[in-house]
Every structure is written in C-alpha cells, then in structure tokens.
Amino acid sequence: MISIFLKEVNEFLDSLIAYVVIGVFLIGIGLLMWVFPDTNVLDYGYASMEPLFSLGPYMFMFLIPAITMKSFAEEKRSGTIELLQTLPFRDSQIIMGKFLAGFFLVLFSVLPTIIYYYSLSYLSNPVGNLDTPGIIGSYIGLVFLGGVFTAIGILASALTGNQIVSFILAAFLCFFFYAGFDAVAEINLWADWSYYIAELGIMAHYTSISRGLLDFKDVVYFGSLMALMLLFTQLTLGFGK
Amino acid sequence: MAVSIQHLTKVFGTQRAVNDISFEAEKGRITGFLGPNGAGKSTTMKMATGYIRPTAGQVLIEGLDVTEHPLQTKALTGYLPEHNPLYLDMYVREFLRFIASAYGLKSVGKRVDEMIELVGLQRERGKRLSALSKGYRQRVGLAKALIHNPKVLILDEPTSGLDPNQILEIRQVIKDISVDKTVILSTHIMQEVEAICDHVVIIDRGELVANDQLSVLKEGLNHTNGIIIEFEQPVDQSVFIQAGFEPQPFGASAYLIESDRSDLRAELLRITSENDLPLVSLTKSQQSLEEIFHRLTQKTEA
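So the protein lines, in turn, are chains Z and L. Start counting the first sequence at 8; every next residue gets the next number (our numbering). Start counting the second sequence at 4; every next residue gets the next number (our numbering).
A couple of the hints might just be wrong.
[To be verified] In silico SDA-like cross-links for lysine to any residue, where the CA-CA straight-line distance does not exceed 25 Å:
no.	chain 1	residue 1	chain 2	residue 2
1	L	LYS113	Z	MET8
2	Z	LYS248	L	TYR106
3	L	LYS30	L	ASP68
4	L	LYS113	Z	ILE9
Worth flagging that the hints you see were computed from the coordinates, not collected in a lab.
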C-alpha cells in the first residue's frame, strides 16, 4: 500500500497536477476571502472564516475530481491495471493507496489556509477575538468533506476508462451528495420526510460540524460514506474478471 | 508440478475463450504455449497470473490455487503481460524500484542494478520509459518479471517487437534463467519454439490440440515422406503420374511429391534424367513445426 501511495504522490508531483490544484485552490480561496467585494472578510466586518468554509466545498467539487480522474481511468486505458493487479497487492490496498494519495494532496492544499486564522486573529478587535472551536470544527468538517469527495472521485475513476467521463461523473456526484439531497428534500411531495432526506446529504452534517459541535453521528456519517464509496470501487474493479 | 492447469475454462458472455484446458509445466523446462491469434493464449495466462478469474477449473502455482491464495501465488510468479503495459511517465530505475518495493524486496537499489545489467539496459537506465524504443521497453518488462527471482515465469510474447539481435539476447536470458525456474512462454514464432522450448502446448479456439515434448511432437507427425522437386521451368507432370506419384504444385516450377515409400529421391532422379527434365534441386521435405502447427490448428477451421 505504501509503495502505491508513494507512486501516486510522485505521479502528482511529476505531472504538475499537484501544483495546479494547490495553486488554484489557494488563489481562489484567497481571492474570495480577502479580495472579492461580495465575499471578503474585511468588508464583512466580522472576524470569521466563513468564506473559506462555505465556498471551499464548491472549489473542492471541481478540484478533487481533477485530482482523482486519472487514478483508475488512466490505468485501465493504458493497461497498467493488469500490471498492478498481478503484483502481490490486494485490490483494497491498491484502492487505499490511491485514495490516501489523493487525500494527502487535498490536505496539503488546505494546510496553508491556517495562515488565514492567524491573520484574522490579528485583525480582530480585540486581538484574538475569534471563534476558535468553531474554526477547528469547520476544518475537521472540510477535511472529512475532502475525504468523501476523494472517495467519490476514486469510484468515478474506476467506473470508466475515460478521464473526462470520470471527471464529470465525479463532479456531479460530489455536487449531488453535497447539495443535492438538500435540494431534493425541499420538494413538497415528500415534505414529511424532508428531514431524513436532508440528513442523507453531506451539507446537513457539514454544517453541524462547522458549528464546532463534533457529533459522533456526523463522524460516523462521513466515515461510512467514504467506506461505502471505496467498497463500491472494489466491487467495480472485481467486476467482469 | 510447478504449474498445473486443470480443466481451465473461461467464458466471456456467450463465447468460450478457453475450454477445459489441462496441462502441466515442470521446473527447469521451458514450455512453449502456441496457438493462432484469438486462440485463448493470453486469456489462459491472465488466469494463471490471477488477473482474471476462471469460470471453471483451477490453476496451481507450486501447489497453491491462484484464486484461493492470490498474494502468495502472485509473489511466486513473474509475469510479462501481452503489450507490456508500463508506466511511461516513470524513469527506468524509478519503475523498477516501484516493482521491487511492491514485492517487498530488501536492498532494492542493488537488485534494480542487477536487473538492469541482466537485461542490458545500462545505457538507458536514466531515461524515461516513454523515451525508450519498443525493444528496450520489452527489456524493462522482462526485468520487471524477473526482479523478485520468481519460481514461475509467465511470458506473453516476450520477443515481440525486438530486432533479430535482441531476440537472440533475450532468448539467451530466458534460457539461462530457466535452469531453476518454470517458464511458460507464448509466441507466434515457430523458430523460437524450436530454439528454446522443451515442451509444447498448442491450443486452438480455446481447445487443447497438442501437449507434448517438442521432439515427440515433431517425430509423431513426420510419418509421410515428402520430396520437393524443383525444375528450371514448369514441366509436364504426366511423367510422374504415370510412375504412380501424385505431384502437387509447390511454388512456380516446383512440386511436392508425397508417398509412403521410404526415400524417393533415387527414383525421381531416374525419371527426370530419362525424360531429360531440367532439374534444379531435389530436397526431402522436413515437416517443420510450422507445418505441424498449421495442420493442428487448421483442423477445426471447417
């Protein structure tokens, strides 16, 4: 598993994907947080990192599928999947190696935004007047979200041998799991069930964690969603063999 | 038996790609695995390496079932797949290091250097795989298959795409390492089989059609005596027909004459000189492996 993880990370570093993803994420979030008039914190007047945590998921929706679209799709297209599957690896090790490499990259792109916390802390009045537990909670939420999106991306990549299809599928699934369930829940037809439908989506759990309230059931939700996606990936890889 | 294939069957949809094949490969021998395109050679090899699962039957590597003990059997097997897929963005050493670490080898660097030496990649060691020619990529694939010193080697067309010198080199490498290993290799090239294989397995459309020692196979089918008689220009065949032969055209001005009688050369020479025919050559037709292959795999055509 470690050798696959290292191989994948090397591939990211080698193919510029890593630099582009991290660069675009940081530039985008930086602009949203400090520059763009509609969203920046300076005009908003409150020392909050809200823009990062409310818009971050939407940036992830495009960037994470871009990271993962290659992982299995390219191996299938070039035939190297045969090479990988005839080495003494379990399919689960291959999947975990690839998943962790993608997740590592996501973590790496989020890491520099911790500077924002310190900047805000100096800007706030009085200095240090920040909702630290809320921010920590939001970071945990963002990391979980990144994990789920990465797992979705890996699954989408295993479903097809075409990177573009994989990207679009992953972006759609990420969006659907993030905001889709919420939107569906609002349809009047099943108004009685709307709470439960919304609970199926990521948004409900993400906002709950963002409040700084690390509820066990949210952790279980994120964990099981990741596991489910990776399990589907494993089934997909074994299918038709 | 080092590799034992028992009643192996693979069905893709409605097509039986491999149908109830059984054979065994022994240690220290090179088993040639032959068959026309689409006969099921690669499918069989993919099952033997655990890449695809058999519909029925089993493959035993050193007594271990490939489906039940995938990790152990994969660690025992070195595999060069058809088309030799490689990570083309990697460098030669980087790729081999990855493979070595995948097999959990110790002293990775040393082993990688040994492999580079063995397959003759010294000059290309610092290059990206995408920059290598097909022949050199094939060597990388072979190094990949050999790096963990496997007991069983499964090579799917190991010499395809190589130039004649490289073919000889790679054959020598395979022959040298086969001393204490079980080697199964598939190929289209019959000379290759005659050059290095001890045992031959021929399949056609998923069915086993031959499974024997190379020498036995060659002997067994060599029952008729054919003579190829060639003239300066086409001649009247009637003189031979009168003498009780059945000449078949064999090229522009040559004929193949087959008979159960032992050596016809003296008699044919007599006929040609009596009739004053412009004889150029008179050769005994050795039934080559190519003809055996042709004969065995054409049967099912009709």
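Verification of the hints:
no. : hint                  : in the structure
1   : LYS113(L) - MET8(Z)   : holds, 22 Å
2   : LYS248(Z) - TYR106(L) : holds, 23 Å
3   : LYS30(L) - ASP68(L)   : holds, 17 Å
4   : LYS113(L) - ILE9(Z)   : holds, 20 Å
Hint compliance for this structure: no hint is broken.
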